[in-house]
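Engineer: Here the structure of chain C is known, so what remains is to put chain B in place on it, guided by the hints.
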Amino acid sequence: MSPADVRVPREDDFTSRLHSPAVASRVGLWLGISFAVCFLTGLVSHWAQTTDPLVPFPTSPAWGYRFTQGLHVVTGYVCVPLLLVKLWTVYPKLFGRPPRALPALTLELLERASIGVLVGASVFQLATGLVNVTQWYPPFSFRPAHYAGAWIAIGALVVHVAVKLPTIRAALGRDVDDTALDRPEAVAEGSLSRRGLLRTTGVAAGVAVLATAGATVPWLRRVSVLAVRTGEGPQGLPVNRSAQAAGVLGLADAPDYTLVLVHAGREVTLTRDDLLALPQHEETLPIACVEGWSASATWTGVRMVDLLAQVDRPSGADVVVRSLQTRGAFATTTLQAQFVEDDRTLLALAVNGETLDLDHGFPCRVIAPNRPGVLQTKWVTRLEVAT
Amino acid sequence: MTARLLIGAVGVLAGLYGALLLLERTDDLVPVLLWVAGGVVLHDGVLAPLALLLAVLVLPRLPYAARTPAAAVALVLGSVTVWAVPVLGGWGRREDNPTLLDRDYWLGWGGLVVAGLAVVLVWTVLRLRAGERDRDAATGEDA
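Chain order of the listed sequences is C and B. To convert a position in the first sequence, counted from 1, into the numbering used here, add 2. To convert a position in the second sequence, counted from 1, into the numbering used here, add 38.
Heads up, none of these hints are tricks.
Label pairs and their calculated CB-CB ranges:
id	chain 1	residue 1	chain 2	residue 2	range
1	B	G127	C	Q237	27 to 33 Å
2	C	L107	B	L155	47 to 53 Å
3	B	G116	C	G175	29 to 35 Å
4	C	G238	B	G128	22 to 28 Å
5	B	A153	C	I35	24 to 30 Å
To give a feel for the contact side, a few chain C residues facing chain B, derived at Cβ under 7 Å:
id	residue
6	V121
7	V125
8	L132
Derived by calculation from the structure, the hints in this document are not laboratory data. For glycine and all other residues, C-beta sits at the position ideal for the given N, C-alpha and C.
For reference, chain C alone in the conformation it holds in the complex:
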């Protein structure tokens, strides 16, 4: 193929012996596993953010969401080199000639449609995930689109596996250099051998892990030169949404701030000094964000269950948490009963030995074990026992 030879290529123009089911099925296997990991950890995150799930989200282990969401995002990065190599190995098929006979043509078109859905949904999932991690928002609502896309991608992937199962089994059952399943033209030796390509893809996946995982694995911070956060921040903790962005400046630091506890028409009003006068407890719990970064901190504050006893919260009742924040989707959240009743759940007044920074939720914030960061509501002003 010379530069002067400008025309749409045909499948048999692609002569590299890397364009082989032997390579595609191996990279495809890793990619399939990675997609499954992303899908399952994504379901966990969706479950954790569902206000009223059928099965309550567990409060233990405290590091559970930190682990699953960190894995979700790091695996998403890993999927990029895997998907690029996978698509490259099968790229010639894009230019394959469809069969003439109608039944075969129908099947071919159906398969191509399913591949189109798979590729479109896969690229969409990775692209939206990558930009969400840096908090750059596309012109649509991220969470429902990414969630719907996940089902479409995984569905199309399962269909693809079903269609290709005989080829996959045949390819994986043979040596990677076996040519029995190859197109007759795909014989050209290139710069990389098949094993070389597979190893290089593995290295690219490893680099993606090392370069990003420091956002959630503290001892990798210095290595992860492309991680979205260093883990630094006020009081040794990064901030997801600042006080300014949440529109609480002048409200959260107002001298007349009060916290109101509400249950069945009864209201108890507390100042920050009242809260400080209550028995204080210390817990070491992570902040683990949907964006995949996380950091552990030592929090001091009032146990949620003790606090709500002041308005006789009945056992099993959820609590609606209202924040002072005037901007953002999480001004009101539901703290489910199992979190309220976990002794580790605090209305925190201090972190790492210092009064909460305004950006960390001063005057007080929710901190509970095994919860997405977006639900660890900051600048709390009202706790209403749901009835």
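Structural biologist: Then chain B, alone, in the frame of chain C:
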């Protein structure tokens, strides 16, 4: 065959559920579909042809011993560059939150590129010492 049909049916159901979610809950369907189509076009029309041009036009012009190292490092650095676009572009960086995107990402990326070039160099020298030469001798000057 029955097993494959069953697996396929499960996949179709999952995909349809996703499509239903998309239609039901995303009132901003048009930008979503534009992103989907844009992603496919960007890959099939830009990224894949670029990779192919690199393989067909650039690699064969390198000294023989450097081709494998260059291809391997190009794959690693190329994929890093693709997924690093949002951090390199500083997409989402805001003045009120200095804890987000708080590294010099171009420096980190540049470091990876330098490391990659060093790998190409050392690997090429090692290959030359091991006596790797173009068997076709199409480019005789690679020593």
